[in-house]
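*Asks:* Protein chains in written order, with the numbering used here: chain C, 1 to 273; chain V, 1 to 273; chain U, 1 to 273; chain H, 1 to 273; chain Y, 1 to 66; chain B, 1 to 66; chain S, 1 to 66; chain L, 1 to 66.
These are computed hints drawn from the structure, not numbers from a lab.
Keep in mind that the hints are not guaranteed to be accurate.
Unchecked claim - 25 Å max Cα-Cα, derived DSS-like pairs, lysine-lysine:
no. : chain 1 : residue 1 : chain 2 : residue 2
1   : V       : 81        : V       : 134
2   : U       : 77        : Y       : 54
3   : L       : 23        : C       : 273
4   : B       : 26        : V       : 261
5   : Y       : 43        : U       : 81
If you want the building blocks of each chain, they are given just below.
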Amino acid sequence: MRLCGLWEEVELPMMNQEHDDIFEIGGKKLTSRLFTGTGKYSSDALIPDVLVKSGAQVITVALRRVDFDADTDNVMKHIPKHVILLPNTSGARTADEAVRIARLARAAGCGNWIKIEVISDSTYLLPDGYETAKATEILAKEGFVVFPYINPDLMVARSLVNAGASAVMPLGSPIGSNRGLRTREMIRILIDEISLPIIVDAGIGRPSQACEAMEMGAAACLVNTAISSAGDPVTMAMAFGEAVKAGRRAYLAGPGVVNEKASASSPLTGFLK
Amino acid sequence: MRLCGLWEEVELPMMNQEHDDIFEIGGKKLTSRLFTGTGKYSSDALIPDVLVKSGAQVITVALRRVDFDADTDNVMKHIPKHVILLPNTSGARTADEAVRIARLARAAGCGNWIKIEVISDSTYLLPDGYETAKATEILAKEGFVVFPYINPDLMVARSLVNAGASAVMPLGSPIGSNRGLRTREMIRILIDEISLPIIVDAGIGRPSQACEAMEMGAAACLVNTAISSAGDPVTMAMAFGEAVKAGRRAYLAGPGVVNEKASASSPLTGFLK
Amino acid sequence: MRLCGLWEEVELPMMNQEHDDIFEIGGKKLTSRLFTGTGKYSSDALIPDVLVKSGAQVITVALRRVDFDADTDNVMKHIPKHVILLPNTSGARTADEAVRIARLARAAGCGNWIKIEVISDSTYLLPDGYETAKATEILAKEGFVVFPYINPDLMVARSLVNAGASAVMPLGSPIGSNRGLRTREMIRILIDEISLPIIVDAGIGRPSQACEAMEMGAAACLVNTAISSAGDPVTMAMAFGEAVKAGRRAYLAGPGVVNEKASASSPLTGFLK
Amino acid sequence: MRLCGLWEEVELPMMNQEHDDIFEIGGKKLTSRLFTGTGKYSSDALIPDVLVKSGAQVITVALRRVDFDADTDNVMKHIPKHVILLPNTSGARTADEAVRIARLARAAGCGNWIKIEVISDSTYLLPDGYETAKATEILAKEGFVVFPYINPDLMVARSLVNAGASAVMPLGSPIGSNRGLRTREMIRILIDEISLPIIVDAGIGRPSQACEAMEMGAAACLVNTAISSAGDPVTMAMAFGEAVKAGRRAYLAGPGVVNEKASASSPLTGFLK
Amino acid sequence: MEIQVNGQMEHVDDGLTLSDYLKHKKLESEAVVVELNLAIIPKENYPTCNLNDKDILEIVRFVGGG
Amino acid sequence: MEIQVNGQMEHVDDGLTLSDYLKHKKLESEAVVVELNLAIIPKENYPTCNLNDKDILEIVRFVGGG
Amino acid sequence: MEIQVNGQMEHVDDGLTLSDYLKHKKLESEAVVVELNLAIIPKENYPTCNLNDKDILEIVRFVGGG
Amino acid sequence: MEIQVNGQMEHVDDGLTLSDYLKHKKLESEAVVVELNLAIIPKENYPTCNLNDKDILEIVRFVGGG
């Protein structure tokens, strides 16, 4: 369907050769655990390279009224066909508005994935967990694959499990702040207590932070601003792709124990005794 | 010379294809900024895979008396020929002992790189900056490529510059502790003030920590215990290789600014207004 | 009314002489911004000293069925008359149960303050924000002075403002964990955005953490486990009393700016030039 | 001798009544573990109140050439007689310069305490451990009570013990930066390994940070910039006095254990079961 | 008659008042709060509050809590 | 007739279909989603969907977002 | 005669004692410490300490410092 | 004769060369570095290097280290 990913020539992302660690979600099999977005690029023409270099296979978009006065570029032109579209409900302040946006997004014919974003706070853009859970329940019943964006709260996450969400997306810090994993403690608890995949969304500012989230056991990370606001977005995208893989691998490999004191890495016998 | 890397069949490390960001040091051109070690492996037979998967091109070894009673395996059998050997002076408690070990190491005929480690504290294995600087001066004059291991101290680092060191290797936390970048503040200052490459050595426990060190502008990281003590050392080695590349790339790309408040990644116009 | 604070001889807490910084809440004028609890003491006989030494003027208690088999000591015997009682609704898993407990607590005749605690998670004892808001609305209408205990969530906090809460009590980390201000980021945002007093409750393990919360602008701290589980609870209580005062004072005094580099505290002219 | 503390009327600092925890050093018995300084005050007339409110009993000064052109106020006018003077050697770049300044300071007749500061780095004002140790050895032999200021380095600290220092003063972060305990890890190790009192000097920006240093087992803290650069220095001084006492008390009381999960502070039996 | 107190069935004499019951249990009325068939009983009514067969009593008190 | 499009009143010719309107606005039907009086119109119905006076149209598209 | 004080050359009358010089500079001897040709002068010696041509004086005092 | 090897006294036949000794110990000369009376011996000299009574030998090799 032509509204979806339009960009034709795309080499297979370098980093997705391995098939040993598949992330299955919403009926898809993903080899990359980095989700990215299309917001705030100096030029949307960077997006194809960002996707190729990062290896991301899922990308977010927003839905807005057509502006007849401004002849804006069509972001879809830059999204490769094979990439999974994850429309968000940004702009919604209530569950009803989120549901309305989700249905319009699905009518575009690019699939049934939806990131629920219900926000009424304009300073920190923090989500409304209760309205998000209400929208999740309605949309999951309608067959959407629902990715709710929340403040990390165990009770809200539990309600999302019951509401039929496909994953839980806690924020690391406020949207676009690049402040990193300030909510580390609660994300750790969600990973520990919630059966759904935990995808850290919002606030991740540097690859090391995405890497740490993955080491903690997050299923994936969604990174947009840290890439689009970087000096060189394409190189930063590649860095995030590598960092997410590194963190996931470290989680699977099992880190060594942390000690209070030192533990020699060379034989402790003195050199000549 | 057969004492050096003996292991023959080695495919080129997957991750070293790119030649856009060369780390030149000691007359060598490195494409990987991860140094690793040979200490504390359950089986030294893991070392070839660790090197291939991590892409590391520099590896540390220690020097010890031959033990006639124990018929120990020869670690050199497992080190590929193309890998650069970085003997350390572990066991030395004074500059003189470090110099003696360095000369013996060079007599082995595997090159003139030496990591100076002068340690008299057995609880935290913290290095002696003054003795290290003395040994550095002597060995640099003798033509060694000297990598001194120090507690991050600006004045000691300055004395190492004057002594002819090729790099400065501050610790992130005590050897083998896996505690990470606890000395972040002083490493930041060394990177800011010292003209030599800063290679973070000791204490790095997880790939996210190596990634952060590289984002800060470190020239490289040396990681041994975090790999050899991991549940799956080969996979962890690959993770560190990716994380170091990611951090370096992020440093080159230039991270976006960090904000106290949020900054929308989707258009701030409400959906239908 | 004899069910309330029964303990007679109490000298005025040493640290409450000053009346320059009154905390007015629920119709009371408090000179101490440390709230404490009565849980988990090796001996309840420590409570009077804890109150005197800490200067705390508000103390929490729980409500439970009388156990006819166990002849347990009456905790009220140890609570000085002048101390304000803050019963909690621990044990409640829903808004209705919290409301029932609150009404029983008020029927005891020791005032109309209530700390709402609605918890269904038994591993991390994290509160249910939605049920807490429902109970708050009902009880505020009935004339209670309501202190809701929540996970720091801006939207939940806003709903509590509308529900008529007298303060908002975000947790620093899980109850009794002594993990400190792990939710620092969100507490900072609540203080910034919410008009009600923010009282940090749960998780504070050391005086420095309570001090930091006050420096950030918290109106008060509630500390129980860190005192009752200390080696010397009475001395630790005094430490918390001082730390909370220190942090409040620092907040009022206005800390100096933080600089990336150094700034000499002695004249920068060399000694003899 | 009139060059020393000149300021007459001084009430006994409110917080020094207790004599249960004396800090004996340099032949003096201190009841306060907060040291302060005289640098960077908008008006030196604030110093007497700062001392009274903070309870500090030790204060630093610098030595400089008399400037015949500028008729500067005599800082000594503002220092109460009973306060112990701790001249520093700021301006010294070598051990010899520090020794020269120390001898001149002693000739002033205000006692034999000296804070050794040897600094050649003008960006971060980081001390030279080796020169500091040399000066310490000379001055200790001459009967000075020596307080060397260092970057936290275990080997340097050991050399100071051997050199006859009376305490070791590691920095928390660069002088005047208000950045806090960035060197926490190494300060922890010094406290653990060094027999001398550890006095955290430089970088402490807020009372909570001084409190934490004391909780860790520091013997005292020296705070100047955080007080003199505060909006209200006298109130901030009082806050630091309280925070240092709180941290010391917490150290003596013994904090409770830190748990990964929650541990109920109210009975875990549900309310009605 | 049979009454349920704090979840346990109990046999007590007929015509007992709440005050009688508490006295019999050696509980000071000031130290407890009582809910009779889900309604909170004001302390002043304890002497006049008659207990009947099948009554459900909840008798609670304050305990240590955080 | 008068219709409301994305919040603005607009005068258009009578008997216009949704396809006509989009063509007149130079919008590819594939590139947008249309809500007519709060009901989403399937793309295949655009040619047969007649616009009437006072209709309320919302025409939306995907844009960059995170 | 010429003496150097705190790095500056200065012309002063011959036969001046250190006390005279400080008085002339309006400095209380108690408020300063004096180094004459690198030797610290005890305060009690100021009245008897004669200054000579080419003497090098350092006169220092305490100032605010951290 | 008596020589000291890696800290242990050892009795060996007279007129032994370093090569002989290493062979007798089953050590490949390429796999070790030898210090004789504090002087490092170049590998090419092993065959011609005679051991004498009271000689002090240090024979070292690379081992795993970080």
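*Asks:* Decide, hint by hint, whether the structure agrees.
*Replies:* Here's how the hints hold up against the structure:
1. A threshold of 25 Å between alpha carbons decides the hint, and for residue 81/V with residue 134/V the separation of about 32 Å lies outside it, so the pair is violated.
2. The suggested pairing of residue 77/U with residue 54/Y is violated, with an alpha-carbon distance near 34 Å, which exceeds 25 Å.
3. With a CA separation close to 24 Å, the supplied pair residue 23/L and residue 273/C stays within the 25 Å bound.
4. Only pairs whose Cα atoms come within 25 Å are accepted, and residue 26/B paired with residue 261/V is rejected, the gap being roughly 40 Å.
5. Restraint check: the Cα-Cα separation between residue 43/Y and residue 81/U comes to about 20 Å, which is no more than 25 Å; the hinted pair holds.
In the structure shown, a violation is registered for the earlier hints numbered 1, 2 and 4, in ascending order.
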